[in-house]
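Protein chains: 2
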Amino acid sequence: MAMKTLSAKNAAALDKDLMSIGAFSLDQLMELAGLSVSQAVYRVHPPSRGRRILVACGPGNNGGDGLVAARHLWHYGYKPTIYYPKQSKNDLYQRLATQLKNLNISFTDDFPTALKETDHIIDAIFGFSFSGEVREPFPAVIRALEETRIPVTSVDAPSSWNIEEGPPKEGPGANFNPEVLVSLTAPKPLVKYFKGRHFIGGRFVSPDIKEKYDLSLPEYEGIDQVVEVGNNGQKL
Amino acid sequence: MAMKTLSAKNAAALDKDLMSIGAFSLDQLMELAGLSVSQAVYRVHPPSRGRRILVACGPGNNGGDGLVAARHLWHYGYKPTIYYPKQSKNDLYQRLATQLKNLNISFTDDFPTALKETDHIIDAIFGFSFSGEVREPFPAVIRALEETRIPVTSVDAPSSWNIEEGPPKEGPGANFNPEVLVSLTAPKPLVKYFKGRHFIGGRFVSPDIKEKYDLSLPEYEGIDQVVEVGNNGQKL
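Residue numbers (full-length UniProt numbering), protein chains in the order written: chain X, 1 to 236; chain S, 1 to 236.
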């Protein structure tokens, strides 16, 4: 049985619905998305496997999810470092960055050096709204993620991948295969090219929205904000 | 060893700090506070003990925490019912209520009947900013909470209790002893009059704020958003 997925267009429409008829603020949704990511990282890479987490954040909402995840991971006892080269002037993202600075979490501009000093990487560069080509300074970052042997958890999409068609045929990302993917709200079509551990996060979808977008979401357990699924989209 | 507590005045100042120098939005803080409450309820009253949860919400932030907790509890598989007689015109609270209506969660005006049809109660009526006397329509609600044998989880303070001095000498609340208390951010002085199970929630305090307010917070475990403590404030 193939997994039901949410196209890039429908993912954008669903997000809009969550904030209009759903009455969620972006602050709330991003808090819960980042919390999901932090719980998946705790599951695949508990603190006993190394506390250093490098969080690579892009300029948009995917980067915001990474900033929130980093804060929760700090509270769990990890030592995050943030690579956030294109910081948005948007008030919410600025506040999320300040929240990290208040925890004395360090920000770096030197991705290659940071990569040598981490135990795990969160790829929060591009999400479901990515299309076209990878812009500066991210091509070198994507190439470094392709080459590193440090495990990577991607948020919503392996950065550089086309949401519908998966990895690019050539250029940065053509050989990028993260170990872990956290699909937010629902998996996107690119999951059929993904071979690692797959989690669904974002436990805030109402029955109406589930029906409108024909989502087939696995059941979360207990108070978990993530659920691990197999290739067929069923709970593992 | 006595537990370190946070006076009503300092609790208000700390909240203000979280939103100014801390750069948190009220949406974020309320989301995390309500999440903490939902996790404490799951711990003391798992779904196997009965899924019906009556959430009594007051007009302010304490009520907002209750609305958020109710949403998370629905996602955990509970059946919440909301008593929210003084609904605020504040945009955030209205959105939190809409989020519940989108889950088909029912709102009731009839507290006595709702009390007969629940397995657990969340008291989110008044929090650390309460002082003076209990206003209509809440005196009858507090009396009902005093008399019921259904277990009650209070958010931040047993409603009607003075934040510094505990239960009122007479009138509604003089004999109100909830089974569970979730202190948000840090315990208030009233905890020395409280005899039930005590949790701390709100895992977002920075080292600076901890130092400024001389808080002695127990360590949370793993990804938990609550931690249970004993009479001395130490983790159980």
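Note that these hints are calculated values from the structure, not bench results. Watch out, some of these pointers could steer you wrong.
Since copy identity is lost for identical chains, a pair holds within one copy or between any two.
Keeping only pairs whose Cα atoms sit at most 25 Å apart, straight-line, the calculated PhoX-like set for lysine-lysine is [to be verified]: (1) Lys79 to Lys212; (2) Lys89 to Lys4; (3) Lys9 to Lys212; (4) Lys169 to Lys89.
Keep in mind it's a predicted model, so treat the numbers as computed, not measured.
Results of checking the hints against the structure:
1. Lys79 to Lys212: between (40 Å within a copy, 23 Å between copies)
2. Lys89 to Lys4: Answer is neither: 36 Å inside a copy and 40 Å across each miss the 25 Å cutoff.
3. Lys9 to Lys212: Only inside one copy: Lys9 and Lys212 sit 14 Å apart there, 47 Å across copies, limit 25 Å.
4. Lys169 to Lys89: Neither: 33 Å inside a copy, 53 Å across copies.
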